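Heads up: the sequence lines are chains A and B, in that order.
Here this note's numbering = 1-based position in the first sequence + 93.
Here this note's numbering = 1-based position in the second sequence + 62.
Read the hints as simulated data drawn from the structure, not as lab findings.
Mixed in with the good hints there might be a few duds.
[What the hints assert, rightly or not] Here are the simulated lysine-lysine pairs, DSS-like style, with alpha carbons at most 30 Å apart:
no.: 1; chain 1: A; residue 1: K112; chain 2: B; residue 2: K144
no.: 2; chain 1: A; residue 1: K199; chain 2: B; residue 2: K280
no.: 3; chain 1: B; residue 1: K501; chain 2: B; residue 2: K540
no.: 4; chain 1: B; residue 1: K144; chain 2: A; residue 2: K199
no.: 5; chain 1: B; residue 1: K467; chain 2: B; residue 2: K456
no.: 6; chain 1: B; residue 1: K251; chain 2: A; residue 2: K199
no.: 7; chain 1: B; residue 1: K197; chain 2: A; residue 2: K199
no.: 8; chain 1: A; residue 1: K199; chain 2: B; residue 2: K153
Computed from a predicted structure; not experimentally measured.
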Amino acid sequence: MINSIGPPGMRLSVMADSKISVEQVRHVARLARLELSAADEAALQANLSEILQYIDQLNRLDTSAVAPTAQVGEAGAPMREDVVANRPDPEAMLANAPARAGHLFKVPRIIE
Amino acid sequence: MPDNAYEAIIGLEVHTHLMTRSKLFCGCSAGFGAGPNENVCPVCMGMPGVLPVLNRHAVELAIRTGLAAHCEIAPESIFARKSYFYPDLPKGYQISQYELPLCKGGYIELPAQSEGTEARRIRLTRIHMEEDAGKNIHESGASLVDFNRSGVPLVEIVSEPDIRSAEEAGAYLRELRSILRYIEASDGKMEEGGLRCDVNVSVRKRGASEFGVKTEIKNLNSFRFVEKAIEHEVARQIDILESGGRVAQETHLWDPVREMTRPMRSKEFANDYRYFPEPDLPPLRVTPDVVEAIKTSMPELPADQRARFVRDLGLTAYEAAVLTQDRDLAAYFETMLATGLKNHRTAANWVMTEVLRAINETARPLADAAPLAIESGELLKLVETGAISLNAAKTAFAAMCKSGKGADATVAELGLAQVSDESAIAAACDKVIAAEAAKVAEYRGGRDKLFGFFVGQVMKAMGGKGNPRVVNEILKRKLTA
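Start from the sequences, fold in the hints, and give me the full structure.
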């Protein structure tokens with residue numbers, strides 16, 4: 094079941110023209126390995142379009158003097174020393190595997 | 063056969079494992095040889111709620127690689143998620159670098175490939191850090207997955223399309239491997255997946271300025287396959303163009319059994335990776351003092367060593383190139399010289415013929431295949447002092463490879479020492495002159511050519527052990543007397 098994925102409170106009351114085509118919805122769904130019904134597709138098309146409209150709203154701000162930012166905070170990535178700290182425990186790692194062969198995970202055959 | 067009217071445009075993407083003890087983002091061992099799924103934890107298994115933490119040593123090794131390739135080291139680079147679904151990728155994305163890689167630009171200098179040719183520079187686009195995926199084992203009806211390699215640190219080294227032939231691609235890979243081994247960033251073992259290569263190939267009419275349509279050949283894991291795959295792909299593209307067709311932009315796989323490339327079953331969306339900045343990792347910041355400290359800790363690089371061998375030791379560019387293909391080989395040569403050898407080129411050629419032959423014949427690493435460098439040096443010193451001939455030294459070397467005994471002991475045991483003692487040589491000369499009176503008369507009558515015959519007879523009389531220089535001297539004196 095797919096619900097609205099826009100930020101809460103940001104749903105626009107009036108749908109402007111769709112920014113996202115149903116083909117694009119299918120493309121993204123396929124990349125994400127999602128199987129969608131026609132109703133899901135329509136709902137997602139509306140949701141994703143609204144999100145892009147919200148981004149348009151943000152784009153009205155002048156950010157020409159601001160560096161692109163993916164992360165906030167001044168510190169760079171913390172680092173660890175190159176030390177082996179984990180001990181082998183394949184049983185624990187495989188405990189939730191739906192299928193296994195010895196200590197290997199088993200999946201449907203990949204190449205035809 | 064590559065048609066001469068066309069030229070090939072080749073770019074390589076090389077992935078290599080960095081030699082760390084632990085993985086890139088977790089404390090699992092990065093070592094080889096463990097049982098399936100022994101070196102895994104919730105982080106490299108992509109379980110919910112875990113956070114990656116960067117391995118400092120992996121970053122240092124990536125920076126070393128960048129400095130060795132003359133790259134610019136970015137003060138700030140970021141990690142990105144490369145999203146695709148495959149059972150060996152438990153998170154559903156690989157942590158890589160995309161828009162802002164750690165190293166930009168740079169070049170690899172290819173040494174002279176034969177006597178008389180020149181060095182050539184292949185420019186690099188970038189070098190970035192990323193994590194390896196797990197390993198799939200395909201069985202009938204199922205695929206099995208081992209995540210021991212998942213999260214092992216890699217660098218991807220991307221070249222500009224500057225390579226023009228299969229041989230040049232091979233030379234590039236050999237030089238790259240040599241550099242990685244010199245700086246101890248990677249052991250470059252292709253058979254363990256330590257060095258993997260994707261190749262981009264297109265062809266164009268010689269003199270044209272536009273590139274043709276390229277194909278990508280994926281996941282080549284031996285230098286020989288890279289060269290063969292390029293040769294095959296270049297010929298295939300030329301055939302298509304010559305028959306009026308168009309090369310399709312597609313991804314090929316190399317089939318090592320049939321020695322040909324074939325198009326991958328193309329999944330329509332295969333190349334839509336939806337990169338975006340990794341929210342779990344803040345930007346990687348590298349300060350100038352860190353770069354400077356790594357710079358000062360760098361060993362001599364193959365290109366610098368080659369230049370030194372030519373400049374200070376009088377080797378040819380080609381001799382220097384062969385010796386620096388491998389750090390151990392170059393070290394062997396230098397250790398030989400350290401025993402006090404005067405003739406550097408003889409020592410260089412010794413390594414290029416005798417030592418390389420021993421390695422090739424036994425298919426074992428240098429340390430197992432050949433005697434200690436110091437013993438090779440002692441052996442050549444015996445040649446320099448005239449105690450043994452160069453041929454005798456080769457005989458001794460072959461025996462030393464098998465016995466592991468020292469130079470002096472082997473020469474004594476095999477009775478290879480030359481006789482330089484003048485009275486012994488004079489006696490042999492007298493005997494030959496007395497026995498060959500008729501020929502002596504001819505020689506003295508002007509048949510100079512007979513001199514070689516007398517040398518041969520004296521050497522024969524001495525069981526081949528006479529010092530040729532002394533034999534020549536004494537014989538000439540006695541014959542002209």
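Right, here's what the structure says about each hint:
| no. | hint | result |
| --- | --- | --- |
| 1 | A:K112 to B:K144 | holds (25 Å) |
| 2 | A:K199 to B:K280 | holds (25 Å) |
| 3 | B:K501 to B:K540 | holds (14 Å) |
| 4 | B:K144 to A:K199 | holds (24 Å) |
| 5 | B:K467 to B:K456 | holds (14 Å) |
| 6 | B:K251 to A:K199 | holds (28 Å) |
| 7 | B:K197 to A:K199 | holds (12 Å) |
| 8 | A:K199 to B:K153 | holds (17 Å) |
Violated hints for the displayed structure: none, as all numbered hints are satisfied.
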